[in-house]
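The listed protein sequences correspond, in order, to chains X, F and L. Be aware that the first sequence starts at 1, since it is given in my numbering, and climbs by one per residue. Be aware that the second sequence starts at 315, since it is given in my numbering, and climbs by one per residue. Be aware that the third sequence starts at 880, since it is given in my numbering, and climbs by one per residue.
Rather than coming from a laboratory, the hints here were simulated on the basis of the structure. This structure is a prediction, so every number in the text was calculated from the model and none was measured. Here a beta-carbon is modelled for each residue, glycine too, at the ideal position from N, C-alpha and C. You may find that some hints are simply not true.
Below, simulated SDA-like cross-link-like pairs (lysine to any residue); rule was C-alpha separation at most 25 Å, straight line [to be verified]: (1) X/Lys117 with L/Glu1055; (2) X/Lys32 with L/Leu1058; (3) F/Lys844 with X/Arg13; (4) F/Lys828 with X/Pro84; (5) X/Lys32 with L/Lys1147; (6) F/Lys642 with F/Tyr568.
So the derived label-pair ranges between C-beta atoms look like this [stated by the list, open to error]: (7) F/Ala836 with X/Gly73: 15 to 25 Å; (8) X/Pro67 with L/Phe1017: 40 to 50 Å; (9) X/Pro38 with L/Gly1066: 12 to 22 Å.
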Amino acid sequence: MSGGIGAHGLATRAARRDGRALLATWSEQHIKWLLVAPAIVLILAITVYPLGYSVWVAFVNFDFLIPGHAFVGLGNFAAVLGDPVALHSVVVTAIFTVADVGIEFVLGLALALALEKTFRGRGVLMAIFVVPLFIAPVIVGQFWSLLLQRPFGPMDYILSVILRHPVTISWLTEFPWDFIGIILADVWQWTSFILVILLAGLAGIASELHEAAAIDGAGGWQNFRFITLPQLVPMILLAVTFRLLGAVNLFDTIFMMTGGGPGTSTYTTAYYLYQTGFQQFHLSQATAGSWLFLILVSVAIFLLVRRLLKVEEA
Amino acid sequence: MDEMIPNEEHERALARELDAWLAGDHSRRHVLAALLGIGAGAAVLPATARAASRAGFLGRQQEQLLEQAAAELASPDTPLGKAQADAVAASTKAPTDGSAYRAVAAAKGKYNNVSLALTYEAGLQALEPRNFSGPLWQQLTGMNYSVVELAHPDLYSKAITEHIAGSGAYDVLDIEPAWIPSLANGGVIAPVDEYVKKYMNEADLNDYHPLFKYLPLYKGKRWGFFDDGDQLELYYRTDVFGDPKLKSAYEAKYKQPYRVPTTWDEYSQVAQFITDQLAPNVYGAVHFRKFGSPGNQYAFCQEFRVNGGVFFDAKTMQAQLATPAGIKTLEQMIAANKASVPGNNDLDAVAAWVAWLTGKSAMHFSWPPTGRMSENYSQRSKAINFVPASKIAGKVGYAIMPGKNGEMASGFVKAISADSRNPEAAYLFAQWQSSPPISLVRVMLPYTLRDPYRISHYTSPIYRSLWPSAKDYLLNLANAANFGITDLIMPGWQDYALTLDRMCTAVWAGKDPKAALEGADAEWNATTRKIGVDAQRAAYQEFLKGVACYPDHTVDAMGQAVHLT
Amino acid sequence: MTRKRGLLFRWRRFGIGRSVLLGLFLLFVLFPFYWVAVTSIKPSSDYLAMPPVWFPAHPTIVHYVAALFAYRGLAGLLNSLIVAVATTVASVALGTCMGYSMVRFGTGGRDLAFWVLSQRFLPPIAVVLPIFLLYRSFGLYDTRFGLVLIYTVMTLPLSVWMMYAYFRQVPRALEEAALVDGCGWWGAFWRIAVPLAVPAIIAAAAFAFIGVWTEFFFALNLTSRHAFTLPTVFRSFLSFQGAQYGESSALAVISLVPSIVLGMLVQKHLVRGLTLGAVRG
């Protein structure tokens, strides 16, 4: 501070040096926690604290149309459970989840088997197949609403040409075509997810096993049924659980393609909660619903995460 | 004022080229080349620069300069240019007691560092403040502005989101009059009575058609200015309805005169007849019935009340949709859908326009832009390029709705955000923008979706000269408003409306009408209970006192009808 | 002999089935791209033509101009880029530190690992309301910074896990040599471990970037006029503007570019990235 090299200045500098050395030692000792601290603090601040706060919101009245924040006990939970649209949305979510993941699994497995052996152009095919994985789901929804919506979309025309008689399907506004349309979009985007994982799984199955089986006279189907499939089961479980946890959150494509309609036909739980919370501003009801939804899916989360940990520990 | 008119020659050449293109005279390549040639300096550069400024690359100063350069004014020897010159004169010269002049005088130079955020429906609606009223206001007062484009339902939900977030992000809100109770009770919008007293020439408040005049009032206060005459009317093809062969065939079949329908049963009957006779070239009708775009609530509320339906039991506040009136309404709507263009139930409002303009339909009930597009007036603007050129210009007649009472569907009120940091500046802009001379330009810009709502709009000789039947068009708008009925203006309308849209689309998808109506009743009752039965009972009483709540309370029924010539 | 012919026959049958399956799926994957690309250059008068216009006679770029400027696609694009880059840096930096600590020092053990991983599967709808309420009190609503925070948390489990899996393969001996040289653990981490991990860091960065680039739900609810990202611009094409087919297609094409480029880039790490390292490709 004084500018000269007085005794005072030297002392400060020495103290500073000592301080720095102390700090260095301290940080060296606590490096393990210092390295994880920023990430942990951030996660706590951005998800754990709000989740705690939302417990309060779930038990009071927090609703744009009703003034004040009175304590209402379980009233918000009762409001969700008493809303037929909420229950309907759980059924819709279940239907979509099962149909999406089921079709993606069957198709993904078939494709993985078809791509198992190398051939010319396999790399190019894979490179094309995985592109949908990197596209925003909301844009996938836009893609498919452009393809399916009448009168602009070409889908009915293409089907008419193939089937040789006029097809007039309202893909986005008529049951069950609205479901089929949304499933198509989901299958388009996520089949390759299953494909990629199962293909990696197939590559991991030792080829000696197949050869041994072939010597024993096992046919293609038997080979698949008794050698490939059992070996592939862990991968299948992994891929399917991942997709299940993605599929239960189905929102973006619904948002773009049907807006939940016609009626509430395609309301998924995520869409219902969004509509209730951010369009109608029954914030407490939506928060209570979010908690119920979280509890419902947390079982699946728990199982998958445990499975992931096991892989790393192996 | 000269420097405000950016190169008339350029404007005219541009219009010529675009007209030619719309008429199909030139190849696309030629037009592009011509556009580049004409617009090298005047059109392309400001567009790029404007884009750069929007992206946040430029400072406030440059932004201001660029936005000024962008004010789009037509040549003063055109009707539009004349109206624009009048608007500028009314803002700067006389009359000095006019609302436009006083707003400019009060705002000028006082808010140079203020940037007003204006919410607008995304796309076409937003072109008007972007190209006309925004830049002009900036030139006149030095006040900056930005247009926030939102999808229609977001005009409601984002306004609330920002209010809950306390962000003060918006200043002037474009809202449905039917949202006023919810937004006023929720503290999202602020009353403007103090400012009106201080700045408004109150004579301008009497220039509104009586249907629209009282819509911004709620709980004894004024919450903004009505700004968009969204009255539904029926548009029909004079060639189809004047066809002698169809006439004799229809009259032989039904023993009724072949005419533009006056009841809803007649509407679907005539539509079905035309479809049977002329499809696939022309169908009887076309509707926008797709979920959420913009929603079936308007069409349902309109027919439901014509059929004698009432929304609630005024004592118990139980919803009354699942009644004979409700069932009759849905059945009539189903019959109309059946008689319409294939894929009718998948069309949004714009797609329905496309079908109508390309000559696919003999009738279409919709908002007033239909009339301007039908005569190819709107398509003069490149901004509206996704709407095809009209193939039916000169063949379109105007009528009020079947059943007489058309919905004043949505409409817009310019309101002031309660969280605005510059409420006075926001107010002055709203007053200026909705004042008679400025609003006249705004409802007659080719690309506008704002529709006439002032007596002075309906009687404007300039507007009446825009196309041969423009006068009939304006007279029909005014007359339709005489018989118009409003949306259900009370707290929770957005929830009630969502229920109706869900109900209708479920029915179009095959759900039984009675079951759908009962489900809707249950949802309405849940909404009412949530907000509070007593509060809603009081609110419904307020609604019943309002103008045009039911067919027996229309402007005409109250003896206030506007008769213009 | 018969046995041999049978094999050949079976192989052929499998080959035909295989080609048909792959061919049809290829068509299924490619057709939407084609349709959207063609729509983006179609003059509006071609929209409703029947049969559909498979390639416009007079292609136009007007929809691109409108999508970028009138619909604020450009501003959304810039926001998306800024937010994605910032998130990627933050997520990978935090993930590298955390992954390293968990491997070398066993920090937090199984519980911490479980907790971090489970963040990846929290349904967005369950947390978005409280986050919105939190953001409004801290002035983070509608800011790019607020988005970066939530996106960092969203992408962190993957970053941590990819780095964790990578560091497990780096022999401890290398760092111990550095320790002997008097570098200390910080030196060993910074000068040895991190440079060695560059390939993994790049892969983790690409996945973080894609995660942000494709995210819609948080951006929809946590932004409005300033920080809105590209996917949220598609919201403008709903309701009244549904018929803006050309504009929405043009914007979709624009947003595809980074997706495709990055998708190509991460091919090698695809399996690991998609499964949080559970499968080593």
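Now the hints, each set against the structure:
no., hint, result
1, X/Lys117 with L/Glu1055, "violated, 43 Å"
2, X/Lys32 with L/Leu1058, "holds, 15 Å"
3, F/Lys844 with X/Arg13, "violated, 69 Å"
4, F/Lys828 with X/Pro84, "holds, 17 Å"
5, X/Lys32 with L/Lys1147, "violated, 31 Å"
6, F/Lys642 with F/Tyr568, "holds, 21 Å"
7, F/Ala836 with X/Gly73: 15 to 25 Å, "holds, 23 Å"
8, X/Pro67 with L/Phe1017: 40 to 50 Å, "violated, 24 Å"
9, X/Pro38 with L/Gly1066: 12 to 22 Å, "holds, 20 Å"
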